[in-house]
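S.K.: Chain by chain, the residues:
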Amino acid sequence: MELELKNLYDDFRDADTIKAYAKIIKVDAAKLKNSINIMEVCGGHTHTIMKYGLPQLLPSNIKFIHGPGCPVCIMPKERIDHAYVLSMQPNVILVTLGDMIKVPGSNGSLQTARSKGADVRFVYSPLECLKIAKENPTKKVIFFAIGFETTTPMSAALLDAVIKQNIKNVFFHINHVTVPEVMRELIDSRDIHVDSYNNKIDAFLGPSHVSVISGSKIYEEFPRDYNRPVVVSGFEPVDVMQAISMIVKQFIEGRCSLEVEYKRLVTYDGNVKAQELVNRYFDKADLFKWRGLGNIPKSGLKLKLEFKEYDAEDIYKDILPIGEIEDHKLCICGNILRGMANPPECTIFGTACKPTSPIGSCMVSSEGACAAYYKYGNLV
Amino acid sequence: MCLSIPSKVVKIDKENEIATVDTMGVQREASLSLMSEEDIHVGDYVLLHIGFVMNKIDEKEALESLELYREIIDAMNEEDRQLAILEADECSNQGD
Ligand code: SF4
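Chains as they are written, first to last, in my numbering: chain A, 1 to 380; chain B, 1 to 96.
Just chain B, with the same shape it has in the complex (with noise of 0.2 Å):
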């Protein structure tokens, strides 16, 4: 029952404490009971849980972590890389 992607805020009802959020392209209203008022804005990315707002997601770390992941693609790719290079060298030795 835990499960859940990251919505973004498209609409505010400050009065019933209410959002309007976008998951994946299908709109819906969760409660903001448990934020407090001053948390949360339009645009920010939240983390939904059973038709309430359990957080929002902090853009920064979020970034990191994906910034992260590209560097240990790249470090492996580069990796791969000089693995292929090193083998075609030795097969070209090989062949001599």
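For reference, chain A alone in the conformation it holds in the complex (with noise of 0.2 Å):
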């Protein structure tokens, strides 16, 4: 046989797989002892999983915790209070992805911005910055880069390229945070919490696309120091059962392991050329302030010292903003970050608190579990 696009797409979203899969699981699940709470750590899945209807599939003891792993979810109000005092700045064309345009700050979002006449520009690719650079040589681009790993080299290979291409109109504010640290976290947060939520992390669905380029290698601890196994997961409903299934398997044979699900895409290494274009040009950041859930040591990055006269944030540090921003009082998105508590168990989902009108992160990106939770919670 051989591999069709059609197969990559259909197969891996075809009902009967989806429905075989959720018969393995009910009659596996019937031989466990305890339920188990599984943690997909990725946005991309807490979509799939709702989209799907995944939840009503699986047994009762079987549930799902909704992770931080959507980008635009834990952009904390600080940072795009950056992205907005940047914007307004005279002769400066701010370009970022996704959604980030629509977060709210404390003065608004970037839309707020654009709409008071700042040049906020929203692309597809990270790449297109050559260009408005190339078109705007008076002006200063600066590229509000926002991902986990997954994106992070395509900030790197932007700026491999406007180095190369000796172009000095690029600047970066750099967004880009790491996923073991924030699983870390999680794991240390929620182990003292444990008693008052009932309602622990007891495995990991792992990322689908932050492991194409970082390798199912950097899962290795969780298996082997904090007793969570981990299966790396496709973003497809088939996958994501599959790898349900195998989490299951484990639990009953009484395994822990760190096992691949999305092996057609993942290998252990990774994307190794990637991984080095990211060590040429990033450091660890001392702190980054996830929204939601506090300050977390060593979880984002920052551009090396010697690329400084690329950094926006150097550049522009005596004007911008410097200060903790408290979130909302009535928004709970950091309990539902860390899978503590569920979209509608904040008073104004659904009502102040609307895609259309978000007041917290978790309803702007199509990630969000509170905008997935919109769109799809009929399904639940």
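Hints are computed from structural coordinates only; laboratory data are not their basis.
Incorrect hints may appear among the rest.
To be verified - Quick list of the computed label-pair ranges, beta carbon to beta carbon:
no., chain 1, residue 1, chain 2, residue 2, range
1, B, R81, A, G53, 24 to 32 Å
2, A, I252, B, N16, 49 to 57 Å
3, A, D327, B, E87, 54 to 62 Å
4, A, K134, B, D22, 27 to 35 Å
5, A, T351, B, D39, 29 to 37 Å
6, A, N136, B, R28, 47 to 55 Å
Every residue, glycine too, gets a C-beta built ideally from N, C-alpha and C.
Two chains, two frames, some hints: make the complex.
M.R.: Below, the structure is given as structure tokens:
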């Protein structure tokens, strides 16, 4: 048989295969002594799980906990305020990706900035910055870089191109974060709270695209040191069901290991060239403040000192606001990102806070748990 | 921002490190700067993300997964058939 695009698309969404896995999981789960809470770290998985109504296909002793893996949802107001201030500078074009433009900061979102005359652009690929910079030689193009391990190599590739092409008007505001640090933080912080919440994380569904870049090796510590199985899963519903089945089997057989369901794209070592590019331009930052989760040591990246001339955070350090900003007092995004609450538990979910007028960031991105519940919640 | 569909490489521009790919009938360009030159060939299936080829899809592994799914569905169908026969048998017994 030859591989066709059709197989790669349809077969991994096939309803019969999903049902078959639901049946296997049900039979296996009946043998479990305790229930299992599986955290899907990645927002893409949250989206798939909600879109295909997977929770209702699972027996009651298998539950999902939605994790913090949406780059837009974890962006704290402080960083959005940076973007806002930068966009308001004369002769600046602020460029960013995805839903970032809609996330409210303390003065409003980047959309608000745009309505006040700022030149804010949303691009599909960071490489578009090169074109924007060439077309606007008198302007400073600042790329507000966001994302996990998945998107960091693309920012590095942009900087690499900027240096090689000797472009002088592209700068970076770096907000890249890393997955293992936040997973560790979630286990550590929840172990303390476990009694009060009674929904501890028993296993992880490992992110898809993060792992394509980083390789499955970055999760080795979780089964080994934290006694939590990790199964790296693809994005399609069949992938997720298969990965859950693999997790359940580990529990039945008394194993605790790192496994990969998404073998068609994930290797142990990952994309080494992409990793080298990241290591050439980035260092670990001491701290990154995650929205709702607070400061997590070594969980963010920054440009290496030798590339300081491209670092907008350094160049504009005198005008960028400092100091902590509280989240909206009714928003429980923090607990949602920790997997301690579900969106409908928020008192303003679907009323004051909805995708068209988001209060918290989890409602902004389609990968955010609140937005996914809002859109697909009737399936649960 | 992560969801993406596999694409097929239809053209490679080595000099500029750019591939032309076909995603469900739509052609677009993607950067190859995260890939080693010898890794990607015309006809390969790749995964794209924000304008870059992230990795090549391992056809052998993909086919093995598809094969596995076919097997579990067949096994399920077989089980269903046996169940149906069993039920039918019981029915006829009751009828006797
Ligand atoms: S519904 Fe809105 S306010 Fe409530 S937790 Fe979600 S994002 Fe925050």
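S.K.: Next, verify each hint and record whether it holds.
M.R.: Hint check results:
1. Between B:R81 and A:G53 the beta carbons are some 27 Å apart, a value that agrees with the proposed interval 24 to 32 Å.
2. The hinted range of 49 to 57 Å is satisfied by A:I252 and B:N16, whose Cβ atoms lie roughly 52 Å apart.
3. For the pair A:D327 and B:E87, the supplied restraint of 54 to 62 Å holds, since their beta-carbon distance comes to about 57 Å.
4. Remark: the range hint 27 to 35 Å for A:K134 to B:D22 is upheld by a beta-carbon distance near 28 Å.
5. Checked against the hint of 29 to 37 Å, the pair A:T351 and B:D39 fails, with Cβ atoms roughly 50 Å apart.
6. Our hint of 47 to 55 Å for A:N136 and B:R28 is violated, since their Cβ atoms are close to 24 Å apart.
When held up to the earlier numbered hints, the structure conflicts with 5 and 6 and fits the remainder.
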